[in-house]
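Trainee: Sequence:
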Amino acid sequence: LLATGSELQLAMAAREELSAEGIRTRVVSMPCWERFEEQDARYRDRVLPPDCTKRVSIEAGASLGWDRWVGPEGAMMAIERFGASAPAQDIFERFGFTVERTVEVARGVLTGDLRGVVSPAPDHVGPGDVPGHASEPGGHGVPGDRGATE
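By the count of my numbering, the sequence shown reaches residue 150 at its end, each step adding exactly one.
Among the hints, a few may not be true.
[Unchecked claim] With beta-carbon atoms standing in for the labels, derived distance ranges:
1) Ser29 with Glu93: 21 to 31 Å
2) Ala41 with Ile91: 34 to 44 Å
3) Leu64 with Arg44: 26 to 36 Å
4) Arg94 with Arg42: 37 to 47 Å
5) Arg35 with Asp113: 27 to 37 Å
6) Arg94 with Arg46: 13 to 23 Å
7) Leu110 with Ser29: 29 to 39 Å
8) Arg42 with Ile91: 37 to 47 Å
9) Asp51 with Ser19: 16 to 26 Å
10) Asp51 with Asp90: 32 to 42 Å
11) Pro72 with Ala41: 27 to 37 Å
[Said to hold, decoys possible] With a Cα cut of at most 20 Å, we get these calculated EDC-like pairs of lysine to aspartate or glutamate:
12) Lys54 with Glu104
13) Lys54 with Glu73
14) Lys54 with Glu17
15) Lys54 with Asp113
16) Lys54 with Asp67
17) Lys54 with Glu100
18) Lys54 with Glu21
19) Lys54 with Glu16
No lab work stands behind these hints: they were computed from the structure.
Since the model is a prediction, treat every value here as computed from it, not as a measurement.
Glycine is no exception: its CB is placed at the ideal position from the N, C-alpha and C atoms.
Based on the provided sequences and hints, a complete structural model is requested.
Mentor: Following this line, the structure appears as structure tokens:
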């Protein structure tokens, strides 16, 4: 699980649940991609082992840029829209940034059912609700995402 800022507490709580299920999980704090990139390859490979391809990023913002770190078998929990304003906890819950949904996405990545940009809350305001995204005609959904065009 890759996260930064306020999303780290969510990643840590999800890690606890996954660990309780016997799923080995690592949380990586990624506050600065550029700084991480400056590190030598040996360090980067210790933090993000190349053989660990089932990765999930948690970003209460756009997914842009996370694909590099999660890879083709990973998923990016993100909000692909603009304009919500409320107290942080309300926004997190409204957009599905919950421990339960994070665990669900992690399980989906492990089984190969989810990859690419995934809406944290598939039953409401995800990428498919934004014109030009996912299930909209002419959208650019990611195969494996709920509502994506294949």
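Trainee: A separate judgement is required for each hint: does it hold in the structure or not?
Mentor: Consistency of the hints with the structure:
1. Ser29 with Glu93: 21 to 31 Å: 23 Å, holds
2. Ala41 with Ile91: 34 to 44 Å: 37 Å, holds
3. Leu64 with Arg44: 26 to 36 Å: 21 Å, violated
4. Arg94 with Arg42: 37 to 47 Å: 41 Å, holds
5. Arg35 with Asp113: 27 to 37 Å: 33 Å, holds
6. Arg94 with Arg46: 13 to 23 Å: Violated, since Arg94 and Arg46 (Cβ atoms, about 37 Å apart) do not stay within the stated range.
7. Leu110 with Ser29: 29 to 39 Å: Between Leu110 and Ser29, where Cβ atoms are some 21 Å apart, the hint is violated.
8. Arg42 with Ile91: 37 to 47 Å: Taking Cβ atoms as reference, Arg42 and Ile91 lie about 38 Å apart, which means the hint holds.
9. Asp51 with Ser19: 16 to 26 Å: 20 Å, holds
10. Asp51 with Asp90: 32 to 42 Å: Hint holds: Cβ distance 39 Å, inside 32 to 42 Å.
11. Pro72 with Ala41: 27 to 37 Å: 20 Å, violated
12. Lys54 with Glu104: Since the Cα atoms of Lys54 and Glu104 sit roughly 13 Å apart, the hinted pair holds (cutoff 20 Å).
13. Lys54 with Glu73: Status holds; Cα separation ~6 Å.
14. Lys54 with Glu17: Holds, at about 17 Å.
15. Lys54 with Asp113: With a Cα-Cα distance of about 11 Å, the restraint between Lys54 and Asp113 holds, given a limit of 20 Å.
16. Lys54 with Asp67: Roughly 12 Å separates the two Cα atoms, so the pair holds.
17. Lys54 with Glu100: This hinted pair holds, its Cα atoms lying about 18 Å apart.
18. Lys54 with Glu21: 17 Å, holds
19. Lys54 with Glu16: 17 Å, holds
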